[in-house]
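Residue numbers (my numbering), protein chains in the order written: chain D, 1 to 493; chain S, 1 to 373; chain X, 1 to 251.
Do not rely on the hints blindly, as some may be mistaken.
Claimed, not checked - Here's a subset of chain D near chain S, in silico, CB distances under 7 angstroms, partners left out:
| hint | residue |
| --- | --- |
| 1 | K69 |
| 2 | G413 |
| 3 | A414 |
| 4 | T416 |
| 5 | I420 |
| 6 | N424 |
| 7 | N425 |
| 8 | E430 |
| 9 | H431 |
| 10 | E432 |
Think of the hints as simulated: they come from the structure by calculation, not from any bench. Please read these numbers as outputs of a predicted model, since none were measured by experiment. The C-beta atom is built at its ideal place from N, Cα and C for all residues, glycine as well.
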Amino acid sequence: MTMSTVDELVEAGNDYQAGFITDVESETLPPGLDEEVVRFISQKKGEPDWLTTWRLEALQGWQAMQEPKWAHVHYPPIDFQAISYYSAPKSQQEGPKSLDEVDPEILRTYEKLGIPLHEQAALAGVVNPDADAGRQVAVDVVFDSVSITTTFKSRLKEAGVIFCPISEAVHSHPELVQKYLGSVISKQDNFYAALNSAVFSDGSFVYIPKGVRCPMELSTYFRINERNTGQFERTLIIADEGSHVSYLEGCTAPMRDENQLHAAVVELVALGDAEIKYSTVQNWYPGDADGKGGIYNFVTKRGLCAGPRSKISWTQVETGSAITWKYPSVVLRGDHSVGEFYSVALTNNRQQADTGTKMIHMGKHTKSTIVSKGISAGNSENCYRGLVRVSPTAAHARNFTQCDSLLIGDTCGAHTFPYIENKNNSATLEHEASTSKVSDDQLFACQQRGIDTEKAVGMIVNGFCKEVFRELPMEFAVEAGKLLEVSLEGAVG
Amino acid sequence: MADLVLPQGLSLPSWMQAGDQGLQGIGQIDSVLQAALDSPQFRERWKYTRPRPLLEHLEDPQQLPVFEGVDQEGITLTTTAAPSFCPRLEPQHAPEATAKLCLANTLIVIEVVKPLTEPLRIQHTASSQPVLLRLHPGAEVALEETYAPGEFLQQAVWIELEDGARLSHARNTFEAADWHWQYLYVHQAKHSAYSLHNYTTGTQLRRQDIHLVLDGEGCEAKLLGAARIDSKTTLDQHINVEHRQAMGNSEQKFHHVVADGGKSTFNSRIHIHPNARGSAAILSNKNLGLGQSATINTKPELEIYNDDVQCAHGATIGRLSDDEMFYFTSRGIASPEATALLSRGFLNQCIQGALAEAASNALTHVGITLDHA
Amino acid sequence: MTLLQVEGLKVDINADDAPMPILKGLDLEVKPGEVHAIMGPNGSGKSTLANVLAGRPGYRVTQGSIRLDGDSLLDLAPEERAQRGLFLAFQYPVEIPGVSNMEFLKASLDSLAKARGEQQPAAAAVIGEARELANSLDLDPSFLKRGVNEGFSGGEKKRNEIMQLLLLKPKLAVLDETDSGLDIDALQTVSEGVNRFRREDRGVVLITHYQRLLEHIVPDYVHVLAEGRIIQSGDKDLALELEAKGYAWLT
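Work the whole structure out from these sequences, hints included.
Laid out in structure tokens, this is it:
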């Protein structure tokens with residue numbers, strides 16, 4: 001999303017602004033999941049045999065697994081056989097050759113959401129015209145199960161950057177996909193990752209060649225539209241030696257009374273001296289004030305710092321979803337590699353979030369930083385869960401963790417569950433956490449200067465999140481701040 | 001974890017059903033406890049230590065500890081199969097401890113009705129019969145516990161602090177054991193105050209459970225701990241502080257020195273219930289690793305359901321700072337001694353109370369003497 | 001006989017994983033009874049010199065020598081240098097909660113005595129002397145029971161360094177910007193302490209940024225350190241000249 005959308009959001013008032021439904025004819029599989037469904041999806045995409053087999057193995061693993069129960073979230077049992085595992089707009093079945101071939105209804109959807117699909121539009125209006133090329137954003141757009149369009153393809157091609165739907169990469173770059181798919185998150189890593197591996201429909205693929213600094217920010221925009229479908233996208237980003245990429249991810253879904261499942265997998269691989277910065281603004285439909293509807297966001301994200309001095313940085317702003325179950329993690333295998341996790345998670349009404357990170361230190365002199373800001377309002381539950389593990393091989397590993405929680409109102413919960421496991425005595429690990437409410441003194445000081453309570457809380461919350469926002473690309477940071485204010489509306493009595 | 005089972009044929013003694021705190025109408029105790037044993041919460045409590053040996057030894061023979069200070073005015077001690085009161089029990093929280101109570105043929109009941117002038121001392125000589133200590137309103141006690149070595153040792157203590165009661169509790173656990181379990185449950189009524197000075201070493205395996213319930217307005221609780229975990233020893237501490245009522249104040253500070261090859265697990269949870277407004281809770285766990293490789297797990301948790309709180313926790317794992325070491329060595333103090341001194345300083349920050357001197361000496365070996373200083 | 005002999009000293013530190021030269025060939029000779037002031041602009045290597053003399057980890061001597069009483073110090077651990085009579089008064093003394101000043105001092109004195117093959121001093125005597133010294137330096141004697149430098153103000157920390165100097169009685173004192181952050185009264189107290197330490201068999205290396213300290217502790221020699229070398233030496237008048245003209249005319 002962009003700033004102009006957010007302004008509209010703010011002006012338009014209280015409700016979830018991305019909640020409209022797009023009326024397009026879709027081809028949707030009947031609900032249910034078995035081998036046939038997996039074979040159908042794989043066939044539909046004309047996948048090679050190895051990938052079909054890979055999916056079927058994931059399915060077998062999934063069938064033997066139990067849903068994880070350890071998170072601090074509560075929801076009625078999910079009937080995985082009542083979900084449709086494939087939905088595509090009919091008009092997209094052959095895949096658009098250019099924007100002109102995209103269903104106008106879909107284009108209007110993104111227009112309403114403010115996602116620039118036309119490169120010209122991106123150049124002309126949405127992005128600051130004074131900015132250099134580095135501030136341009138190339139967008140891959142995923143609508144339900146399929147990728148609709150990718151912008152700026154030629155610019156990226158010049159730089160040698162591959163940015164395309166993963167379904168396309170399977171055909172155009174099979175050697176890279178086969179080498180890295182499942183290399184960070186195995187196909188049977190956990191219940192939801194296995195499910196995704198079996199049925200993933202589309203998602204983005206990125207490869208940055210050796211020594212290349214990606215000339216613009218890359219972005220994927222995810223949209224769930226169809227009723228009773230799950231979205232299972234899969235993102236794979238490989239930064240070859242000495243390369244650099246910044247990647248943004250945004251998500252919305254229509255307002256529907258039923259819960260919808262989103263089980264994505266994101267894998268990042270950073271080779272020696274490479275850097276990947278991955279930013280998310282997650283604004284899936286959170287459900288209504290009584291907790292009806294909303295997205296179940298059960299996502300597995302993990303990066304591997306494979307080479308020395310590589311760096312992976314996750315920044316997330318989580319304001320949407322009925323339930324968030326998400327732990328973007330970094331495996332620090334290369335010596336001197338760096339992992340970062342900056343997170344703002346805001347829950348309101350009946351939302352539940354169980355989110356955090358894992359930093360697995362294996363290489364020497366590896367360093368990780370975790371900054372988590374949780375804001376709970378209404379009747380919501382907000383939980384940080386994190387793991388810092390230092391292996392015996394990780395001499396001189398360092399971690400700094402800061403987890404702060406802010407409570408707004410006395411009917412919500414804020415929880416902190418950090419696991420710190422160290423097996424090397426040369427490590428230096430620090431963890432700090434605090435929980436408090438918006439202080440009456442701060443509120444009074446604002447009010448005394450004529451700022452109303454809601455605005456004052458918004459300001460204070462924004463200040464509370466500053467350390468995380470400053471990690472975001474600038475457009476996202478502004479948007480994230482406003483999104484928080486919108487999400488908090490009605491939270492202050 | 002269906003592999004974990006309690007002794008067969010557990011039944012709930014009538015004294016545990018009596019009174020408003022008893023376990024009335026909870027159904028078949030063995031199925032309740034088995035369900036608790038199979039719960040994710042139990043698995044989490046025993047994440048880093050296997051509980052099976054403990055469950056297998058719950059029915060071991062138990063001894064009467066040696067008591068001092070029980071002849072004073074205001075204190076009574078009885079050994080009985082049917083105590084006069086039942087501590088608040090939370091079978092779901094610690095099924096193994098409730099099972100131990102159910103299994104006990106003899107319990108030690110200590111009642112204190114007024115402030116005591118002399119300390120109450122309990123010297124555990126082996127696995128002890130369960131101790132139930134009740135401080136009536138306004139009673140004040142200084143309790144000191146010490147332990148003897150053994151193979152498989154268990155001591156479980158339940159403490160009730162009634163309105164305004166004050167207990168200053170010190171315990172030094174330095175003796176070797178193959179598998180040592182110390183369970184402590186403290187239930188506090190309004191305006192009561194509890195302090196624990198908990199000093200210990202690792203041993204083959206030592207597990208300390210401390211369960212604190214601030215169940216009245218304005219309770220105070222302060223836990224201080226220091227531990228040295230040497231090579232090939234293990235210490236697993238599990239603390240749970242429940243703020244159930246308003247205006248409670250809890251403070252925890254634990255420093256551990258973990259030597260090469262030692263294994264330390266520290267897990268402390270602060271739980272603020274929805275109506276516990278005005279609660280303040282802080283927790284600090286610092287670990288100093290010496291040598292190359294030790295295992296140090298620390299998990300400070302906050303679970304908070306009220307916005308009118310001030311809560312914070314911190315945990316660190318680190319080595320002695322180079323600046324501190326250099327300051328010492330530049331004054332001519334050799335590295336091993338500087339390390340010992342600095343480790344002692346680190347632990348001393350948490351050592352206070354009735355058994356402080358013994359604790360400091362037991363936990364730190366420093367060659368300097370301050371005779372008659 | 002020379003007390004301290006520094007010849008051709010070159011020192012690197014690690015900056016961003018690459019060695020960075022700080023001292024680039026420094027010579028210094030201190031005879032018993034002498035006070036040498038080392039002055040220089042920020043970043044000239046003054047504190048590096050102090051730390052290298054005392055053997056602080058993190059510095060690499062790439063060339064040259066440091067001798068105390070004719071013996072090389074380079075291969076000696078910090079405690080061995082201290083045991084041979086070298087004392088560093090820290091620019092930033094660390095706080096160490098949990099270890100009392102008294103424990104610390106006794107441990108130090110015991111170590112020094114043991115290294116010299118002397119009997120360890122009696123605790124009572126040490127406490128008596130420490131109290132007396134504390135009084136003379138306007139330190140509340142109750143500080144002996146408190147943690148090392150714990151909760152001390154900047155001035156108290158510096159006075160504590162001088163108290164240690166007078167108690168431990170080294171041969172050579174290296175004072176690293178002991179005057180920084182002191183008000184005029186504290187500066188006077190500290191200076192009196194250092195002057196009390198001066199004896200014909202003891203040497204002092206006084207590292208300072210300001211001339212004002214030298215009004216209280218009159219040096220025999222003044223050296224100007226710039227960019228890792230001593231570029232000018234003279235008597236106390238050189239300090240006055242520096243005060244008037246700044247360092248720029250030299251560098």
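Hints versus structure:
no., hint, verdict
1, K69, "holds (6 angstroms)"
2, G413, "holds (5 angstroms)"
3, A414, "holds (5 angstroms)"
4, T416, "holds (4 angstroms)"
5, I420, "holds (5 angstroms)"
6, N424, "holds (6 angstroms)"
7, N425, "holds (3 angstroms)"
8, E430, "holds (5 angstroms)"
9, H431, "holds (4 angstroms)"
10, E432, "holds (5 angstroms)"
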